[in-house]
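Heads up: the protein sequence lines correspond to chains A and B, in order. So the first sequence is residues 1 to 386, counted in my numbering. So the second sequence is residues 1 to 90, counted in my numbering.
Source of the hints: derived by calculation from the structure; they are not laboratory data. Incorrect hints may have been included.
As the list claims (entries may be wrong) - Cut-off 30 Å, straight-line C-alpha distance, at most; resulting in silico cross-link-like pairs (DSS-like, lysine-lysine):
| # | chain 1 | residue 1 | chain 2 | residue 2 |
| --- | --- | --- | --- | --- |
| 1 | A | Lys199 | A | Lys15 |
| 2 | B | Lys67 | A | Lys219 |
| 3 | B | Lys88 | B | Lys77 |
| 4 | B | Lys20 | A | Lys222 |
| 5 | B | Lys55 | A | Lys203 |
| 6 | A | Lys219 | B | Lys77 |
| 7 | A | Lys289 | A | Lys193 |
| 8 | A | Lys222 | B | Lys77 |
| 9 | A | Lys158 | A | Lys233 |
| 10 | B | Lys20 | A | Lys203 |
| 11 | A | Lys240 | A | Lys203 |
| 12 | A | Lys311 | A | Lys356 |
| 13 | A | Lys203 | A | Lys243 |
| 14 | A | Lys219 | B | Lys55 |
| 15 | A | Lys195 | B | Lys20 |
| 16 | B | Lys15 | A | Lys203 |
| 17 | A | Lys356 | A | Lys289 |
| 18 | B | Lys14 | A | Lys219 |
| 19 | B | Lys33 | A | Lys203 |
| 20 | A | Lys277 | A | Lys240 |
What the hints assert, rightly or not - If the Cβ cut is set under 10 Å, some of the chain B residues that face chain A in the computed set are:
| # | residue |
| --- | --- |
| 21 | Tyr4 |
| 22 | Asp5 |
| 23 | Val6 |
| 24 | Val7 |
| 25 | Ile10 |
| 26 | Ser11 |
| 27 | Ala17 |
| 28 | Gly22 |
| 29 | Val26 |
| 30 | Cys39 |
| 31 | Ser58 |
| 32 | Asn74 |
Glycine included, every Cβ here is placed at the ideal spot set by N, Cα and C.
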Amino acid sequence: MSTVMIDTGNYIAAKAAVMTKPDVVAAYPITPQTTLVEGIANYEASGEFKGEYICVESEHSAMAACIGASATGVRTFTGTSSHGLLLMHEMLHWAALARLPVVMCNINRVVGPGWNIWADENDSISQRDTGWIQFYCSSNQEIFDTVIQSFKIAEHDKVQLPVMINYNAFILSHTSMPVNVPDQREIDKFLPKRKPKWKLDVKNPITFGNIILPAAYEKVRKDMQDSQEYAKKLIPEISKEWKKQFGRYHGDLLELYKCDGADYILLSMGAIGAESKVAINNLRKEGIKIGLARIRCFRPFPQEEILKLSKKSDLIVIDRNISVGMEGAVFTEVKGSLYGKSDAKVYGFIAGLGGKDTTYEDIIKMCKKVVNGKAKNLEWFGIEGV
Amino acid sequence: MKKYDVVTTISYPKKGAMGKTGNWRVFKPILDKKKCVKCLRCWIYCPEATIIRNKDDSVDIDYEYCKGCGICANVCKVKAITLEREGKRK
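Work out the full structure, taking the sequences as your base and the hints as a guide.
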């Protein structure tokens, strides 16, 4: 029987992580992730978490410990944020290239200086090319469901890549919401024990991460790409399976909301993605034909679905990140997905950097600027003093 | 060779997994069997396991895989192993 748990995004993620029965959790605390690892520590104290909890001296070590543990064939979980994620950078590449299904929550927080602990997606966007699958969540229920789904995706024989579940600092990490928590037996049915195809084992010794020559290395990279492409097909299947068993659905790579007959489609992610739904409802009431395609999965990137949407609608992209010297990362990738295949106009907004509040009213203003033909190609929304 | 669904860097232990590493060698260890006292220090210290221990504790060098690091010559108490530059004209 399922229960309803009212708690913050971090405690919900801790609950979900413990219910996947990881054998090893290695983590180092950082605001605003602290209560996530504190939550897991509480479950260890109460006996609900039966795995090994490794307290390490840095995030680099946390990921290294997860890599070592995962290589022995067991299930591993960790969590971090912002500067912690950046300190892991080298090990993020390592986990992905070694094809280890580590699952991690990253709480999107500003990168300093100036020192700031609020929501901003530049931390995880800057880890885009490490080979990790990246999800962005919009509610605590989605965090819970995605943590459990992520293990199934990561550990799939044809994927075997690590997964990062991102959610915005404080807006989700420290905000309580009611979340449906299924019975442990139901979770076990959905997510069986990890069955690795190879592992570090003294009885059957192997060398792991050894020297390989250029032609072989190229194959390793190509295979990561093939596996991400495979994940594009797998993620919708997992969403469908989850819906069948638990009755909940948060979308596939994209979550489509009121996209039928839309002249404009808004693309956003994370907490702004949730706020966008309210904006869409209001704009629809005013008779503006607009829908939302919330980007749930940033890697693999839903190129084909976005191209399909662009055949009937112009696109508006809101980025809570900036690739300095270019533009918002999602904006670039959306345009890249359309190149040579679509005539749709694409408008980009940078909004909510540094954790600046971005409400549905702000989103309405951005959309109206586009609808009224007043938007420039790239806008910094509501920036002070400019 | 075992088949997996994905490509990554694993190697199973076997002789010469990296090819004939003997051709990396710059200096070749030459053993003078008349001086050798069968103490087996070279056999213990060789990091590549290319000193072959015979039944009577005499030793030979596996030149297919010896990289020529010279540790054997260094640890030899009776100076039975000397290093000679590869390709030197005799």
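Checklist entry - Does B:Tyr4 pass the interface check with chain A, least Cβ-Cβ distance below 10 Å? => result 5 Å, holds
Next on the checklist: For a C-alpha distance cap of 30 Å, please report whether B:Lys33 and A:Lys203 respect it.
Outcome noted: 38 Å, violated
Next on the checklist: Just to be careful, I want the Cα atoms of A:Lys356 and A:Lys289 compared with a cutoff of 30 Å; is the pair within it?
Outcome noted: Cα-Cα ~28 Å, so holds.
Item to check | Restraint check, 10 Å cut-off on beta carbons, for B:Ile10 near chain A | outcome: Holds: closest Cβ of chain A sits about 5 Å from B:Ile10, inside 10 Å.
Checklist entry - Holds or violated: A:Lys222 with B:Lys77, Cα cutoff 30 Å? => result 52 Å, violated
Checklist entry - Minimum Cβ distance from B:Asp5 to chain A below 10 Å? => result 4 Å, holds
Next on the checklist: Between the alpha carbons of A:Lys311 and A:Lys356, is the straight-line distance 30 Å or under?
Outcome noted: With a Cα-Cα distance of about 33 Å, the restraint between A:Lys311 and A:Lys356 is violated, given a limit of 30 Å.
Next on the checklist: Holds or violated: B:Lys20 and A:Lys222, Cα atoms, limit 30 Å.
Outcome noted: 28 Å, holds
Next on the checklist: Please check whether B:Gly22 passes as an interface residue: C-beta within 10 Å of a C-beta belonging to chain A.
Outcome noted: Where the cut-off is 10 Å and the nearest Cβ of chain A is about 17 Å from B:Gly22, the hint is violated.
Checklist entry - Taking only the CA atoms, is the gap from A:Lys158 to A:Lys233 under or equal to 30 Å? => result 11 Å, holds
Next on the checklist: So if I understand the rule, the pair passes when the alpha-carbon distance is 30 Å or less; does A:Lys203 with A:Lys243 pass?
Outcome noted: Violated - the C-alpha atoms of A:Lys243 and A:Lys203 are around 41 Å apart, more than 30 Å.
Next on the checklist: Under 10 Å is the threshold here; is the Cβ of B:Cys39 close enough to any Cβ of chain A for the hint to stand?
Outcome noted: 30 Å, violated
Consistency note: the structure conflicts with the earlier hints numbered 6, 7, 8, 11, 12, 13, 14, 15, 19, 28, 29, 30, 31 and 32.
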